[in-house]
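> Sequence:
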Amino acid sequence: MRHNKKFNHLGRKANHRAALLSNMACSLIMHKRISTTLAKAKALRIFVEPILTRAKEDNMNNRRLAFAMLHQKEAVTELFQNVGEKIANRPGGYTRILRTGFRLGDAAEMCIIELVDYNENMLKEAKKATKKATRRAGKKAVKEAVAEAEAPAAETEAPAAE
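Going by the working numbering, the sequence shown opens with residue 11, and the numbers climb by one from there.
DSSO-like mimics (lysine-lysine), calculated; alpha carbons at most 27 Å apart, straight line:
1) K52 with K83
2) K16 with K50
3) K50 with K66
4) K83 with K96
5) K83 with K42
6) K134 with K42
Restraint-style ranges between C-beta atoms, simulated for each label pair:
7) A28 with K138: 37 to 43 Å
8) H13 with G111: 30 to 36 Å
9) A24 with N69: 27 to 33 Å
10) A29 with I122: 18 to 24 Å
11) M132 with G111: 15 to 21 Å
12) E158 with L75: 48 to 54 Å
13) K15 with E160: 56 to 62 Å
14) N131 with R12: 37 to 43 Å
15) R113 with K66: 33 to 39 Å
16) T63 with M132: 18 to 24 Å
17) F77 with R113: 29 to 35 Å
18) M132 with F17: 25 to 31 Å
For the record, the hints were derived by calculation from the structure and aren't laboratory data. Remember, predicted model here, so these are calculated numbers, not experimental data. For glycine and all other residues, C-beta sits at the position ideal for the given N, C-alpha and C.
Generate coordinates for the entire structure from the input sequences, incorporating the hints supplied.
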């Protein structure tokens, strides 16, 4: 029986699973985005989020605990120097899983797991979405917002015509 055994065993023994998750976590920290199966990505998220939480505060104890999980000096250095500073203000949810389809060989569901603060394209879209005119602002405010949005487009077209 498998009562109270909630995590995904991924079809591996405990040592193999620990090595797999450790290597995937190091790759995620070093490259900021990796492509894998959905089951492995969900298991990786559970494994790596507590490590990322520890990276917010750079002290010797947190570095030792991170190294005990990752087993790679370069990954721990990258984690505490760059990643920890960037996620310092985020209260949680450091990773994002984007589904990409199915693998041709065995139809396994594939995805991309990435660190949220390192996806520049989604950060730009979030900033654009914040500038939005509301109906309560009145027609004058809406016209001004439309004029501001069209003004940079007109400036970029003028040099191209010359």
